[in-house]
Amino acid sequence: MIIDLKRCIGCNACTVTCKQAHGTAPGTFWCQVRASEEGTYPYATKKVLPTLCMHCENPTCVHVCPTGASYKREDGIVLVDSERCIGCRYCMAACPYEARTFDFGDRSGYFPEQEQTSYEAMMLEQHVKGTVSKCTFCHDKLEAGGMPACAQACPTHARVFGDLDSEELQALLKRGAYQARPDMRTNPSVYYLPK
Amino acid sequence: MSTDMVQGGLTRRTLLKGGGALAAALALSKAIPAVGGSALAESTAGAAGAAGATGATGEQGDHWVKSFCGSCIWTNCGTEVHVQNGIATEVRGNLEHPANQGTLCPRGAAQLMNLYNPYRFKAPLKRTNPEKGLDVDPGWQEISWDEALDTVYEKLAAVRDSDPRRFMIMYGFAGNLHEGPFVKLFTAIFGTPNYSMSCGPLCEVHHAPSLYNMTFVDRIDLGYCNYLITFGRNVGASAAFASGPARAFTDACERGMHNVVFDPHANMESTYGEWVPTRPGSDMAIAMAMIHVMLHELDTFDREFVTERTNAPYLITPEGDYLRDPNSDKPLIWDEAAGQALAFDDPNLSAPALTGTYEVNGVKAQPAFEKIKASVAEATPEWAEERSTVPAATIRRITAEFVEAACIGATIELEGRTYPYRPAVIAVGRGSANNMQGLRFYCVADLLNCLVGAMGVPGSLVHAAGPKFVIEDGMMREYPVSKYTTDLEQAFSIPQNDFTGKQFSALARFPVFAVTLGAILDPAKYYLDYDIDVLFPYGCNPFMNDSNRELVVEAFKKVPFVFTCGYHMDETSQFCDIILPEHAHLERHQVRPIEETMAVGKDTIKLAGMNYKEPAVELLYNTRQFEDVITTLAYRLGYGPRMNQMYNLFCKLGEDYALDPTSEYSYAEMLEARLTALTQDKAKGSQWFREQGFYATEVPVEQCYDYAMLEGARLPLYNWRDWITGQFLKRNMERFDVEMPGWEGRMEEVYREYTAVPAFIDNFLTEPNDEYNLFVCNWKISPRNLGLGGQDDNVWLREVVEQLEFDDLRIQINPATAAAHGLEDGDTIIVESQHGGTTSGQIKVTGLVHPEVLGFPSQAGRVAPGMNPISKHGTSYNQLLNGADGFYFAESGSIAVGARVKIRKA
Chain A
1 MIIDLKRCIG
11 CNACTVTCKQ
21 AHGTAPGTFW
31 CQVRASEEGT
41 YPYATKKVLP
51 TLCMHCENPT
61 CVHVCPTGAS
71 YKREDGIVLV
81 DSERCIGCRY
91 CMAACPYEAR
101 TFDFGDRSGY
111 FPEQEQTSYE
121 AMMLEQHVKG
131 TVSKCTFCHD
141 KLEAGGMPAC
151 AQACPTHARV
161 FGDLDSEELQ
171 ALLKRGAYQA
181 RPDMRTNPSV
191 YYLPK
Chain B
1001 MSTDMVQGGL
1011 TRRTLLKGGG
1021 ALAAALALSK
1031 AIPAVGGSAL
1041 AESTAGAAGA
1051 AGATGATGEQ
1061 GDHWVKSFCG
1071 SCIWTNCGTE
1081 VHVQNGIATE
1091 VRGNLEHPAN
1101 QGTLCPRGAA
1111 QLMNLYNPYR
1121 FKAPLKRTNP
1131 EKGLDVDPGW
1141 QEISWDEALD
1151 TVYEKLAAVR
1161 DSDPRRFMIM
1171 YGFAGNLHEG
1181 PFVKLFTAIF
1191 GTPNYSMSCG
1201 PLCEVHHAPS
1211 LYNMTFVDRI
1221 DLGYCNYLIT
1231 FGRNVGASAA
1241 FASGPARAFT
1251 DACERGMHNV
1261 VFDPHANMES
1271 TYGEWVPTRP
1281 GSDMAIAMAM
1291 IHVMLHELDT
1301 FDREFVTERT
1311 NAPYLITPEG
1321 DYLRDPNSDK
1331 PLIWDEAAGQ
1341 ALAFDDPNLS
1351 APALTGTYEV
1361 NGVKAQPAFE
1371 KIKASVAEAT
1381 PEWAEERSTV
1391 PAATIRRITA
1401 EFVEAACIGA
1411 TIELEGRTYP
1421 YRPAVIAVGR
1431 GSANNMQGLR
1441 FYCVADLLNC
1451 LVGAMGVPGS
1461 LVHAAGPKFV
1471 IEDGMMREYP
1481 VSKYTTDLEQ
1491 AFSIPQNDFT
1501 GKQFSALARF
1511 PVFAVTLGAI
1521 LDPAKYYLDY
1531 DIDVLFPYGC
1541 NPFMNDSNRE
1551 LVVEAFKKVP
1561 FVFTCGYHMD
1571 ETSQFCDIIL
1581 PEHAHLERHQ
1591 VRPIEETMAV
1601 GKDTIKLAGM
1611 NYKEPAVELL
1621 YNTRQFEDVI
1631 TTLAYRLGYG
1641 PRMNQMYNLF
1651 CKLGEDYALD
1661 PTSEYSYAEM
1671 LEARLTALTQ
1681 DKAKGSQWFR
1691 EQGFYATEVP
1701 VEQCYDYAML
1711 EGARLPLYNW
1721 RDWITGQFLK
1731 RNMERFDVEM
1741 PGWEGRMEEV
1751 YREYTAVPAF
1761 IDNFLTEPND
1771 EYNLFVCNWK
1781 ISPRNLGLGG
1791 QDDNVWLREV
1801 VEQLEFDDLR
1811 IQINPATAAA
1821 HGLEDGDTII
1831 VESQHGGTTS
1841 GQIKVTGLVH
1851 PEVLGFPSQA
1861 GRVAPGMNPI
1871 SKHGTSYNQL
1881 LNGADGFYFA
1891 ESGSIAVGAR
1901 VKIRKA
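Chains as they are written, first to last, in my numbering: chain A, 1 to 195; chain B, 1001 to 1906.
For the record, the hints were derived by calculation from the structure and aren't laboratory data.
C-beta: ideal position from N, C-alpha, C; glycine also.
Stretches of chain B that chain A covers, calculated by requiring three or more beta carbons in the stretch to come under 8 Å of a beta carbon on chain A:
no.	segment
1	1109-1117
2	1249-1257
3	1790-1798
4	1808-1820
Label-pair distances were calculated between CB atoms; the ranges are:
no.	chain 1	residue 1	chain 2	residue 2	range
5	B	Thr1828	A	Pro66	41 to 49 Å
6	B	Ala1759	A	Pro182	57 to 65 Å
7	A	Pro66	B	Ser1840	44 to 52 Å
8	B	Glu1618	A	Asp163	38 to 46 Å
9	A	Ser166	B	Arg1397	43 to 51 Å
10	B	Ser1840	A	Glu37	21 to 29 Å
11	B	Gly1256	A	Pro96	32 to 40 Å
Could you build all of it, start to finish, from the sequences and the hints given here?
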């Protein structure tokens, strides 16, 4: 995935669309926009940085996982097998991108004073207490011929999803694309184009 | 070029099975059965089931339903709803839809939480405690639909039989947003002139577009614009409009468009260009200084456009009127070649004068251009700097850049026709237009655009769809316009006929809310001789929108019977006697024209068509479709023939598709007629739309640019229309010896607002005030855009606001100001308004706001006890403002969205 920061308006459409596509619990964001401020008045500007699991070629989370629950598929997508996850959270500590969340099992949902809605009841079934979760690159959508929910939703088409070796993505990468935290030598599959 | 059809086309995605769709269509077209012995109809969705999703088809598995968004004023975006075992589990953009191209904004992506909101109404309710108040328990009791509708019917029938004017309808942008035919038609169907709007005073963005773009809202032509200046306007980035504006904006910036943002706070757009911090309410000074630089310093403007396409050469009398030919009554222009005044359309006219003074028929007249130039003679950038804090050098530089970027004299050829090419524009939004002097400022900003010829041409401001105009004195005049503006002389009456206040605020686009509320409490004070007996607020929330909540409370308490068709127990519902519960957005049966309104790119400027949706899932609760409630009541009250005929006209059904005036229809049947009339194909009705989700067409490019449509019609560089309206108003007020409540003894202050040339008029924002030494402002952000469509209690959106947004619930303050007040990030402050309102909140110290300004983004601050507690977080910003008599815009009824305040640490 390539995220063009020249086109990102920090709107959080990706954040919300990810929440609904996966029914994550309150406070869990597999994908989000980090907002900050740069410079001083009157030259201050708002800085926005969309983040998600970087699906690294050299994923530290996989290396530290004692049970093999975190794994990398042949196509490069990094996933967590909740059946094998023992909740040790080594991966969370190892991930340089803070892309992982632990499920403490709170099922009170978004309406804690009310009964669970049918939507929440259905979606929360997909999440397993005591395990770590994170962005899946919407692999189920990919397998059905679609694209990750965040990439489709982005109202400015700031996200381009595809084969990084393809001609189209290679051309984009040549526009100064960079990866987050290159010092960690993880070689992320998510690239940013500078603003 | 002929109109190209760009239809939805067959989708790659899962379609409803043909048989299922047909079965659902048949169910929809059947006569609606009576329920429980009542003559009142069952709700459409209840009778028909969800769109092919459930019982009717037996399709319980896993499928996608075509829909469109419900979270905007103009819901352009096509969507698809994933339904699994009867539960909606995902909403995504429709990839085939030409507006949003598969994308969504966060509000659109959050719609499931509007559907699965346990705080919704689940059944009709009646109040058992007659005492009303925001913190008084109404003693709600669940009742049947029969009882609820019978009660409403009896009250309406009594009003019908006495005086239909005693029934008032109140609309606005609230949790249950409605944008359909029965919003505008409603008052006419029920025979009352009393339509009111809680949101109207906060929407002063329609007058100038009607004068300069013959339209309700103007659009920025981002496909060609290279230099964009905004005043208080988001261009689609801050508020993230997925239907095209956000994409068009980033496309333009990537192409190299320079973006200058005059604003008290740095919005998202300004991160792509240049932020010029301003003091709220000072924009008029900046615009006048820009005209000064253009005309008095640079002496550069588009002479051809100004002379031929505006009334700049029209001769003006010392009083301000057009100097007319005594025989033909046509406005005159001084012809320098002929050395005499000729009618504006005289074929012999060859050298129209723009400057000078000429004596014609004993009157010393001047061209309008001379008057405009004189009006800004003293408005130097230094003068504007004092008022706005914007450095004079910055005003000079930006004006010069704007003039240069406008490419005066350049042309462009589009689809075989040559247009002036003016890729530079000044665009005004609510943040500026809804502040003091805002109505006039918007006109002056458009005057600036006209001076460089950047109006209605590629790269500038263009009209939205469906412009209509007439030519009068050679001038374009939007049609139809408010009756008070058009026929002020004839229509003016004392006592007044209605509670709208538009008679006195003669440029009002919407009812004047302070008058509506005040008149409910004391009709005689507002020259009215009757009371309101029944109030129907729907999709509105004056308790949040208006600045004087106590007045709203008292007005609602006074009306003997109040009912609503509502979504949740918001502040408005809290005051009702009967609640008719309605569907969530995803349960509705609805159509909406495809029409981009904010800003357009090359891929959206020509778009037209219609979006369609049906209930995506079985109804969660015992709710009904709003429109079915309306039609049910109308038919029962005997208004059926009138309603059907109005619907025929409103939807342009023509003879072939028109409703029979004497028959009764469900809303689904009414939609079927509208859809087939639109496509002119009886096979392309709701079944076809159910499969496609939308019908899209393109209009020829010459219908997109005003310049082509306005051949032979000029624009008001000199705003004669507003001036003459003020003259009529004054004459009528004096004829009846009346004054506007709130302006007693100072009516001259009212009349001077109707100006023909730029004028800076001091007011409560601009006058020095050592005690209240700060200003407040607010703005739209992507998870909260006007708070409509249920955004204040949408848990996903509020979570983003509270946990991720830079513009979170805190009050933003400049570092220097915080230091001067001994404040640190996270401190709680008390904010006191010059108007008496008070609020408090935590501060966020940021360089993204002007040092004299406190910023209030993202606020909800709801106060209704029955709403989701999350909606109560934040401050009630509007309580700092003042929309009372004597303070709202006298000419239009709008409320200033800024005020002076003082702060102290809590």
